[in-house]
Each structure stands twice: as C-alpha cells, then as structure tokens.
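Peer 1: Chain by chain, the residues run as shown.
Number of protein chains: 2
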Amino acid sequence: MATIADVARAAGVSPMTVSNVINGHPHVRESTRVKVLSAMTALDYRVNVAARNLRRGRTGVIGLAVPEIHRPYYGQFAAAIIAAAQRRDLRVSIEQTGASRENELAVLAVSRNRLYDGLILSTVGMGAADVEHLRVPYPVVILGERIFQAPVDHVAMPNVDGARAAVRHLVDRGCRRIAMLTGAETRDVNVSRLRLTGYRLALESAGLAYDPALVQRMDAMSMAAAAERVHTMVAAGLDFDGLFCLTDTAAIGALRAFADLGVRVPAQVKVIGFDSIEEGRFTVPSLSTIDPDHTAMADRAVDLLVRRIEGDRGHEEFVSGFSLVARESTGD
Amino acid sequence: MATIADVARAAGVSPMTVSNVINGHPHVRESTRVKVLSAMTALDYRVNVAARNLRRGRTGVIGLAVPEIHRPYYGQFAAAIIAAAQRRDLRVSIEQTGASRENELAVLAVSRNRLYDGLILSTVGMGAADVEHLRVPYPVVILGERIFQAPVDHVAMPNVDGARAAVRHLVDRGCRRIAMLTGAETRDVNVSRLRLTGYRLALESAGLAYDPALVQRMDAMSMAAAAERVHTMVAAGLDFDGLFCLTDTAAIGALRAFADLGVRVPAQVKVIGFDSIEEGRFTVPSLSTIDPDHTAMADRAVDLLVRRIEGDRGHEEFVSGFSLVARESTGD
DNA sequence: CCCCGATATTGTATCGATACAAGCGCTGCT
DNA sequence: AGCAGCGCTTGTATCGATACAATATCGGGG
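Those protein sequences? They're chains A and B, same order as listed.
All residue numbers for the first sequence refer to my numbering, where the first residue is 1 and numbers rise by one.
All residue numbers for the second sequence refer to my numbering, where the first residue is 1 and numbers rise by one.
One or more of the hints may lead you astray.
[As the list claims (entries may be wrong)] Residues on chain A that point at chain B, a partial pick, calculated with CB under 8 Å:
id	residue
1	ARG46
2	THR59
3	ARG91
4	PHE282
[Stated by the list, open to error] A few chain B residues facing chain A, derived, Cβ under 7 Å:
id	residue
5	VAL47
6	VAL49
7	ASN53
8	ALA78
9	MET223
10	GLU279
11	VAL284
[Said to hold, decoys possible] Calculated from the model, a selection of chain A residues having no Cβ within reach of chain B, i.e. all distances over 10 Å:
id	residue
12	SER19
13	PRO151
14	ALA156
15	ALA213
16	ARG217
17	ALA236
18	GLY237
19	ASP303
To be clear, the hints were calculated from the coordinates, so they are not data collected in a lab.
Because the structure is a prediction, the values reported are computed rather than measured.
We put the CB at the ideal spot given by N, CA and C, even for glycine.
Just need the whole structure built from these sequences, with the hints factored in.
Peer 2: Here's what the structure looks like:
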C-alpha cells in the first residue's frame, strides 16, 4: 500500500506538499497539485485513516447507542442520524444496549477509548442516580428527557404535550374510559412517566376521572407483549372505549389483539399510538399517532454533537415539536 | 489524557511492560501487573485506539452497507450483524446506500481508506458488469446473490427454493391464478429474477400456465408502492386468487390495499411474502411468509469476514436454509 | 559456587499523516 | 541594486502504542 512518502517521491515533492494537496491547502501551485494528484492516481494512494486520526486526535466517527436497531422507531431514527452525519462527513457506528442500564454505562465507558469523536446515547435504562457517569471527557448528546443534571446536551421528545394531545384526540372522538398501555413503574422520570403525565393532564382538562385500573403497565414495549396484555384486559372484562399506547409498536400489537378478539376498532375501541413509525400507515385499521418529527430530532442531535466536538462549551436542550396524525384507528 | 508512557513512569516500569499488561502478555510477574494496573486506575488511563490501529494495522470495526437501515428487513439483519460482531469484539459502522449502484461503489471505494477491517455489502444496485469493482485489497462479504465472478465471499438467501415453496403453498391452498409483485426487470440476475424463477418453477410443477400479465413489476419495494399497485391491479379487473410478494414489506402494503378495496384475505385472495419480518406476525390478517433464517445469515457473514480478516485466502458461498411460515393470509 | 535455560523486562524503531516554523524564490517597490 | 512581502515548499518532530530483538533476572542442577 502506497504511503504519502511514496507519493511524494513519485511526484518529486516533499510529503508535506502531498498532505497539503490532500487537505486542500490554499498555497499549492496548480502545476504541483497536478503532479501530486497524478502520482496519487498512479500509485492508487489511499489515506491511512488511523494515522490521520492519531495525528489529528479525531476519528470522524460518532457513536450511536440505541436499545435495538431493529425496532422500527430506532431504525427510523438511526437512518435519520446516519443521513445527517453523512452530510457532515461523519460516519456512524451503532451499538445496541438492549435498553439495559449496564450496557448503556458500558458504552459510555468504552467511548472513552477515543473510538468516537462523540456519542449520541439513547438512555432508557439509566436513571438520575447515574448522573456521574455522564461526566465524561468527550461530547455526548442524550436522546431522551432532561432527567440528568449533568451538563450534556439533550434532544427530547414532546412527551407530555404529545401524550396530552393524543388523549385529547380520543376524548374529542367521544371516548370516556380511556386506557393506557405503558411501561413499568420506575423511580426515575422516564418516557412512560412523562407520557402518563400527559395522559392525566388530558383527562383532567376533559373532566374525566383518573382510574388506575385503566393504566396497564408492561415490562417490554413489544408488539407481542402488547397483544398479550390486551387479551388479558379484555378477558378480565375491563371496560374501556379508548386506548393510548406508549408507542406505535405496542399499538400495532394491540390492534392485532383486538382483531383476534373480534373487538372492532374504532367502533368499539379507538386506538392511538406515539412515534409515527411508517408501519402505522399500513395497518388495518391504519394507526392514529403523534409524530414527534424525528428527522428534526436527528438533525439537531448531530448538530449539537458536532458543535460540542468543535469545542463549544455551552449545552442545551432541544424539545422537538409534534403533530397529531389522525387515521382510521380513531375514526368514527 | 494519560498515555502509556505516563502510566509507565507512575508504575516505575517501561512503556513496553504496560503494553504487555494491557494485552495480557503471559510473562509478566504478578506483582508488576498489580503495580501497572493500579497506576492505570490512578491515572484513569484509556488506550488510544487510533494509535493502536496505526501500529496494528487493524481498526476493530467492520462496515455494513445496506440500502436503508429503517426498512424492517435490513434493520433486523443489521441487529443480527451487530450482535454477531459484538460477540467477536468488533464494532459495526453502518452506511446507507439507498440501493443505488453509485453509492454501493462509493462505499467500496471509501473502505479502501482502511476505515474498516472489512466490509459486508448488501448489493442491490450493482450488477455483473461491476465485478471489477469488487476486486479490492480488503475483505468483503457480499450479501446477496452469487452473481459475481469475483473472489469474494457470498451469503445468499434461498431465493429460488424459497419462492418456489411460497408459491407451492399458495397452490396447495387452492390458488390457481397466482400473481407476483416483484421488482423492475433488469439485465442482471438479482433477487427479483431469482424469486421469479422460483415462482415459474412452482407454477410449472403444479401444471399451471405462466401468465405475464400476473407478474407486476414495481420500481420500489415499499409498502406504499405495493399498496398503490394492488389498487391498480384490482381496478383494472385483473383476475387472481393468490399473490406472492417479493418482500414482506410489499406484502404489508398489499394487505392494506385489499382492506381498502374490501377484498377479503384469505377468502378471496391469499397472500404470502418473503423475509419473515416481525411485523408480519401482527398484521391483520397475519402474514404467511418464507423465513430465510437471517440470524444464521448474519452469523455466517460475520464469520466469513472475520476469517478473511485473519488471512484465510479461500472464499465461499453460503446459502441459508428457509422455512415456510403459514399464517392467516393463506388460511382457509 | 557457577552456569544454564526459562522467565521477566526493556530500548528503539516504526506505523503514516500532519503541525509548526522555517526556508526558498519571486515580484515589485523605492 | 536592495529589500520587504508574498506565495509556495520543505525538514523535523510528533501523535501513542506495539514488534522485535536484546538484555536482565531468577531458580535450580552440576
């Protein structure tokens, strides 16, 4: 493999000049540039990124840690992040944490090896008590709520307001007993809790009573788990005419369960999700949802990270906007 | 940031000994190991991966290039690849090619910069004419058909046999006019063509005539495109009682379209897909499909790549097995 | 008590690109 | 002619870890 020195020799210039050509340094005579470029082509020269990284102290790679890349929500988010990074000439390396606290901490630890210029971390398992782990000597952007006091950037979803809008939509469509499919109860503030807050606020403004029996907690937000839970709810004779699901993924599982049980959606129960994953457009019935604009979130996350990589010392929180997408599952 | 030299100084040993400790070299006295380890902790030492990469000529990262990570099939595949790589202490960097030939070639070119130790490339846009581009001086595993003569490893799906089994299943369930939703016609052998071959073989063994009008070609394999196409087919009065979709994604779009049109699945039309994405379990009706065992494929792809990275010169092809998953969309 | 082989440790050169500062040659001005 | 100033080029040191070969240390047998 040809090195910069080989190219320099072939072109009859110094290695430094070759480097200058490669990096588009302004003061290089056109004739030398041409000489160097043709020597590069002749030798099929390729920069050695490892060497450049060592010297520059940058890797050109950012880490993205998500629970599981194959879940539609994270997949779509990752796609947006990768695209945004590509626009800035950065590569994205993906880690899967399986939503476990230990793995999230492990990613933070391993990132210290200067593998990445920065890290975008979707915190799901970590709690407020882990705040110290976030004081790391490299740029981090947290994807999720501002539950940490550490000076890191946050990109958050409009959890409370979005959930509130979702539930209000169910109310507007005539629901009076609205159930919610949500995550396990935790000590920390997390997505479940915030969306539950939105749910309660919406009930309150609608003058509807809050009934704890209607709040169904699940350990995993999978389609399978949601389907199973809906089966249990109906079997137990739980009375509800609306269902707000923590995620679209869960909602898809719920829709499937209603179909199994012969419960007509939206006639008997209206269903709304959260996330706006593409699949929701194609379910039967199609799924109403809250769209948190994850392209904007991804863009902003990369933007904040790049800013930190480039030395900006401030830190901020970005909460994306959202829109309500009304489809068949909450139709008349 | 502490370097190996700092640690050496603090521990009163040479840098080389520190390196030996880090890398688990056998001949290090227990007492020195302890000294070094405690110095490392005291200084909060972290290896500089860039420096190690430069010296070792390895990066510990493999590239994975797929059309779009947010498509369920590639998402699930990527998840499996990342997990398999993690087991071998490798990281995975993801590139999106958007299924375009140019981007696939660009990934091959950029990988030459020794960014990755090897590349797993899902070829969708490239054709047999691009075979020369695959003669690269680093390990590559192609995900897709063995349509290239280049000496690279391939991990392929059981396209012909799987498609054949899918269509035979429709025949067994009583279908006589079986349509297929497939990709655009190309000069090259690709997934579409292979699965079409399976389709024709199945018709033939069943003694059914091949009717070109039943083969519907689409440019993109998206849910939206498939839904639209089914609308057109039905509006045009095309007569069919079975539909084999090139991918589950397309099948989900098709199911949705049938629901819109009031066509009952499976009563009037039976539908089967290919890929076995998770969503298919939860559609209404649930989707019959061919499961190509992508965990095995992912495992094998990483396995082959690692073998090549470690210097094995042979190259081989792996065609995964498959199983038929019969669900409601082909029920009675 | 000395020497030998095995174990343990070290010095030095190197991977390849780039920061930095210094050097060269030319133009144009006085 | 002399010199300042600019455009262009280069030598050298360096980023941090590790390969390699050489040396130091040790325990035990002759």
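Peer 1: Against each hint, give a clear statement of whether it holds in the structure.
Peer 2: A quick look at each hint next to the structure:
The interface hint given for ARG46 (chain A) is met, as the beta carbon of that residue sits about 5 Å from the closest beta carbon of chain B, less than 8 Å. Annotation: interface hint on THR59 (chain A) holds; nearest CB of chain B at approximately 6 Å, less than 8 Å. Among the interface hints, the one on ARG91 (chain A) holds; its C-beta lies about 5 Å from the nearest C-beta in chain B, closer than the 8 Å criterion. With its C-beta approaching chain B no nearer than about 4 Å, PHE282 (chain A) sits inside the 8 Å limit, and its interface hint holds.
Taking 7 Å as the C-beta cut-off, the interface hint given for VAL47 (chain B) holds, the closest approach to chain A being about 5 Å. For VAL49 (chain B), the shortest C-beta to C-beta distance to chain A is roughly 5 Å, which falls under 7 Å, so the interface hint holds. Here the hint on ASN53 (chain B) is kept, as its CB sits about 4 Å from the closest CB of chain A, short of 7 Å. With a least beta-carbon distance of about 5 Å to chain A, the hint placing ALA78 (chain B) at the interface is held under the 7 Å criterion.
Because the closest C-beta pair between MET223 (chain B) and chain A is about 5 Å apart, less than 7 Å, the hint holds. The closest approach between the C-beta of GLU279 (chain B) and any C-beta of chain A is roughly 6 Å, which is under the 7 Å cut-off, so the hint is satisfied. With its C-beta approaching chain A no nearer than about 4 Å, VAL284 (chain B) sits inside the 7 Å limit, and its interface hint holds. The beta carbon of SER19 (chain A) sits about 15 Å from the closest Cβ of chain B, which is more than 10 Å, so the claim that it is off the interface holds.
Separation of PRO151 (chain A) from chain B is adequate, the least Cβ-Cβ distance of about 19 Å exceeding the 10 Å criterion. The claim that ALA156 (chain A) lies off the interface holds: its Cβ sits roughly 21 Å from the closest Cβ of chain B, which is beyond the 10 Å cut-off. Remark: the non-interface label on ALA213 (chain A) is consistent with the geometry, its nearest Cβ contact in chain B lying 26 Å away (cut-off 10 Å). The claim that ARG217 (chain A) is not at the interface with chain B holds, since no C-beta of that chain comes within 10 Å of its own (minimum 21 Å).
No Cβ of chain B comes within 10 Å of the Cβ of ALA236 (chain A); the nearest lies about 22 Å off, and the non-interface call holds. Against chain B, the non-interface label of GLY237 (chain A) holds: every CB pair exceeds 10 Å, the least being about 23 Å. For ASP303 (chain A), the requirement that its beta carbon stay farther than 10 Å from each beta carbon of chain B is met, with the minimum near 19 Å.
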